[in-house]
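Engineer: Sequence:
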Amino acid sequence: MKQSDYHTTAAPQFQADDPLATVRDLVEEGAVDGIILTHTTPADWGAVMAASMVMTLPIALLFLFFQSLFVGGLTAGATKG
0 MKQSDYHTTA APQFQADDPL ATVRDLVEEG AVDGIILTHT TPADWGAVMA
50 ASMVMTLPIA LLFLFFQSLF VGGLTAGATK G
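Be aware that the sequence shown starts at 0, since it is given in numbering that gives the first Met the number 0, and climbs by one per residue.
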């Protein structure tokens with residue numbers, strides 16, 4: 000396998016070709032670019048927080064709407080007899 004072929008194949012192929020290859024060797028050769036995520040740019044925390052609100056808000060609203068049923072179910076399951 001040529002050196003240029005290392006950039007187009009996946010990591011499991013390297014294990015078959017060279018079982019002594021370590022992950023560090025593969026990363027240094029650029030073999031697993033895109034598989035191992037590196038943080039070269041700062042995170043866009045505004046977008047992360049917006050996405051977390053979009054995911055959390057519907058669940059919180061459903062809980063508020065069905066809160067009495069939720070608490071009633073917990074109470075009914077906690078009583079004996």
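To be clear, the hints were calculated from the coordinates, so they are not data collected in a lab. As the structure is a prediction and not an experimental result, all values here were calculated from the model. Backbone N, C-alpha and C define an ideal beta-carbon position, used for all residues, glycine too. There could be a bad hint or two in this list.
What follows is a set of in silico ranges between Cβ atoms, one per label pair, in the way DEER data are often shown [claimed, not checked]:
no.: 1; residue 1: Gly45; residue 2: Thr78; range: 44 to 52 Å
no.: 2; residue 1: Thr55; residue 2: Ala77; range: 25 to 33 Å
no.: 3; residue 1: Gly76; residue 2: Thr40; range: 31 to 39 Å
no.: 4; residue 1: Trp44; residue 2: Ala75; range: 23 to 31 Å
no.: 5; residue 1: Val47; residue 2: Ala75; range: 25 to 33 Å
no.: 6; residue 1: Asp43; residue 2: Leu63; range: 40 to 48 Å
no.: 7; residue 1: Ala50; residue 2: Gly76; range: 31 to 39 Å
no.: 8; residue 1: Met48; residue 2: Lys79; range: 39 to 47 Å
no.: 9; residue 1: Met48; residue 2: Leu68; range: 44 to 52 Å
no.: 10; residue 1: Ala46; residue 2: Gly72; range: 33 to 41 Å
no.: 11; residue 1: Leu68; residue 2: Pro41; range: 23 to 31 Å
no.: 12; residue 1: Ala50; residue 2: Gly72; range: 24 to 32 Å
no.: 13; residue 1: Ala77; residue 2: Gly45; range: 36 to 44 Å
no.: 14; residue 1: Gly71; residue 2: Ser51; range: 23 to 31 Å
Engineer: Are the hints correct? Go through all of them and say.
Structural biologist: These are the hints, each one checked on the structure:
Between Gly45 and Thr78 the beta carbons are some 47 Å apart, a value that agrees with the proposed interval 44 to 52 Å. Between Thr55 and Ala77 the Cβ separation comes to about 27 Å, which falls inside the hinted range of 25 to 33 Å. Roughly 48 Å separates the CB atoms of Gly76 and Thr40, a value that falls outside the hinted 31 to 39 Å. Taken as a hint, the range 23 to 31 Å is violated for the pair Trp44 and Ala75, whose Cβ atoms sit roughly 42 Å apart.
The hint said 25 to 33 Å for the Cβ distance between Val47 and Ala75, and at roughly 39 Å that hint is violated. Look at Asp43 against Leu63: about 30 Å separates their beta carbons, and that is not inside 40 to 48 Å. At roughly 34 Å, the beta carbons of Ala50 and Gly76 sit within the given window of 31 to 39 Å. In this structure the supplied range 39 to 47 Å holds for Met48 paired with Lys79, their Cβ-Cβ distance being about 44 Å.
Here the CB-CB span from Met48 to Leu68 is close to 30 Å, at odds with the stated 44 to 52 Å. For Ala46 and Gly72, the Cβ-Cβ distance of about 36 Å falls inside the hinted range of 33 to 41 Å, so the restraint holds. Leu68 and Pro41 have their C-beta atoms about 43 Å apart, which leaves the hinted 23 to 31 Å range violated. The given range of 24 to 32 Å is respected by Ala50 and Gly72, whose C-beta atoms sit roughly 30 Å from each other.
A C-beta distance of roughly 42 Å is found between Ala77 and Gly45, which places it inside the suggested range of 36 to 44 Å. Distance hint for Gly71 and Ser51: a CB-CB separation of about 29 Å, consistent with the stated range 23 to 31 Å.
Violation of the numbered hints given earlier is confined to hints 3, 4, 5, 6, 9, 11; the remaining hints are satisfied by the structure.
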